[in-house]
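Undergrad: Kindly produce the complete structure, drawing on both the sequences and the hints.
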Amino acid sequence: MTNYIKYTPEVANDWKQTTANVKKDYPHLFRRMLDCSTSSQLQCKLWMLKELQPFVETNMQYALLAGWYANYSVELLITEFDAKFVHNYEFDENAKDISYIFNKRHKDSEKYKCDVKDIMWDKLDEEQTYDVIINTSCEHMYPMSRFYTLNNFNNFPLYVLQSTDDEQWDDHINCVSGPKELAEQSQISDIRYSGTIKLDNGMNRFMVIGYPTGKKI
Amino acid sequence: MIENTIICVSWGDKYDREYVKKLKEQCEAHCSVPFNFYCITDKPKLGSKHDITMPLYWDKHFLSEKNFFWAYRKYYAFSIDKSRSHKVKFSTKNLSRDCLDRIQGERFLLLDLDVMIHQDLKYFFELPMDKPWIVKGWWNDMDNCRKNYAKLKSTPLNSSVVRWDRGQLSKVWDEIYENIDMIMFTYPSADNYFVHRWYDLWNEKESFFNVFPAGDIYSYYKGNIFPQDMTKEVFRNDHKICLFNTSGHTEGESDDKLHKIYT
Chain G
1 MTNYIKYTPE VANDWKQTTA NVKKDYPHLF RRMLDCSTSS QLQCKLWMLK ELQPFVETNM
61 QYALLAGWYA NYSVELLITE FDAKFVHNYE FDENAKDISY IFNKRHKDSE KYKCDVKDIM
121 WDKLDEEQTY DVIINTSCEH MYPMSRFYTL NNFNNFPLYV LQSTDDEQWD DHINCVSGPK
181 ELAEQSQISD IRYSGTIKLD NGMNRFMVIG YPTGKKI
Chain A
1001 MIENTIICVS WGDKYDREYV KKLKEQCEAH CSVPFNFYCI TDKPKLGSKH DITMPLYWDK
1061 HFLSEKNFFW AYRKYYAFSI DKSRSHKVKF STKNLSRDCL DRIQGERFLL LDLDVMIHQD
1121 LKYFFELPMD KPWIVKGWWN DMDNCRKNYA KLKSTPLNSS VVRWDRGQLS KVWDEIYENI
1181 DMIMFTYPSA DNYFVHRWYD LWNEKESFFN VFPAGDIYSY YKGNIFPQDM TKEVFRNDHK
1241 ICLFNTSGHT EGESDDKLHK IYT
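Order-wise, the sequence lines are chains G and A. Going by my numbering, the first sequence opens with residue 1, and the numbers climb by one from there. Going by my numbering, the second sequence opens with residue 1001, and the numbers climb by one from there.
Covered by chain G, per the in silico footprint, the following chain A stretches (three or more residues, Cβ under 8 Å):
{"no.": "1", "segment": "1149-1163"}
{"no.": "2", "segment": "1180-1191"}
Computed list of lysine to any residue pairs in SDA-like fashion (alpha-carbon distance at most 20 Å, straight line):
{"no.": "3", "chain 1": "G", "residue 1": "LYS123", "chain 2": "A", "residue 2": "ASP1200"}
{"no.": "4", "chain 1": "A", "residue 1": "LYS1151", "chain 2": "G", "residue 2": "TRP121"}
{"no.": "5", "chain 1": "G", "residue 1": "LYS117", "chain 2": "A", "residue 2": "GLU1175"}
{"no.": "6", "chain 1": "G", "residue 1": "LYS117", "chain 2": "A", "residue 2": "ARG1197"}
{"no.": "7", "chain 1": "A", "residue 1": "LYS1153", "chain 2": "G", "residue 2": "CYS175"}
{"no.": "8", "chain 1": "A", "residue 1": "LYS1022", "chain 2": "A", "residue 2": "GLN1119"}
{"no.": "9", "chain 1": "G", "residue 1": "LYS23", "chain 2": "A", "residue 2": "ASN1144"}
{"no.": "10", "chain 1": "G", "residue 1": "LYS123", "chain 2": "G", "residue 2": "ARG146"}
{"no.": "11", "chain 1": "G", "residue 1": "LYS24", "chain 2": "A", "residue 2": "CYS1145"}
{"no.": "12", "chain 1": "A", "residue 1": "LYS1147", "chain 2": "G", "residue 2": "PHE30"}
{"no.": "13", "chain 1": "A", "residue 1": "LYS1082", "chain 2": "A", "residue 2": "GLU1003"}
Bear in mind the hints are in silico, worked out from the structure with no lab data behind them. For clarity, every value in this text was computed on a predicted model and none was experimentally measured. Just so it is clear, CB atoms sit at the ideal spot from N, CA and C, and this is done for glycine as well.
TA: As structure tokens, this is what we get:
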């Protein structure tokens, strides 16, 4: 089980550069950059990796929905699962820019790409296929049922979804009571994993891995 | 036929009939071109020429526990469309659109009830109309708006004043109509929805809406232009319109200060 992130010289170089660039070019986003680098953020992503491991192989293609700066997810998927490609969909133009600085090494090797798209309004790239679709931000958006109506994947990807019951934040517009409700509202009927953890920041985090109704071979 | 049309929308008890009367009086005092005046209202007066009965078709989608997109009734006005053929008329969607068929004119100006008009509204009817127009809150720090974009707050747009030509906002109404459940669930305010769907915070020229230039419209409570002219609670008579918008006053809340100024 992976319970750490490999802080290699390449990672160190990109992440140091991110700090420098955000401070210089996006000073108003410096706090947001720190927010994406907390221990709780890393806990969520390591947990995802641990529970997803039984279902994946090397050389798979991943879609990250609303992946934000994607600093931890991309690094972990590429180095631990030997992902062929990770495609982040973000509606925030600056998130794309900053994710490219965090992940420069992977962008340069064409293993990472970010497109500006609101996944509750627009289809994913139809030229691209994905083996796994990850959304660790379900509390920030309308239920995933809408996403299925927009996208019809012929290869039936596996879904990894996370959410919370922490309603104290204004942008948590879709909190759920637990993994059962997350699965129900996301129409995940073939559940391969379902669980809860408590993060260092006190937040309950729920995760469901599986296939939506009618979206499985 | 008079082509210029001013529309306001009134519902509930926050702003009573006095506000509609005062707005109409202000328009009459500050508009040197002929205009129609209509109020889309949930309490139409029998025999009133300018009262238009407010449709109800979005009410059932409103999530009162969230109170998101609470001013949705204002956007019924966007359904004012070009005339359609009889062939397509009898769908629920077209019947919804037909609710406001009595409204005449080609050039529309939507005004909130809590505005103060300082200068001739003719200006708005003579704008180039390659795109519809909406208020940009020049009093906002745009970096702050970009920072909070994903958090669905600090919106730089304000729909207290909107200018469009007949049919020009059909696309917006269509999208709201087709996605009302999702929109009411997701966006705290309509202005927030407009920023995400009809405006480009990073490339304003690509936006669906034009924004009124700096110096046209200011906020009584928030200021004028960030950062150089942010004095609050002063009137700027050389500007065209003053807004009394505050993020703290949502549906059902009242503004005592505005009430004193207005009545």
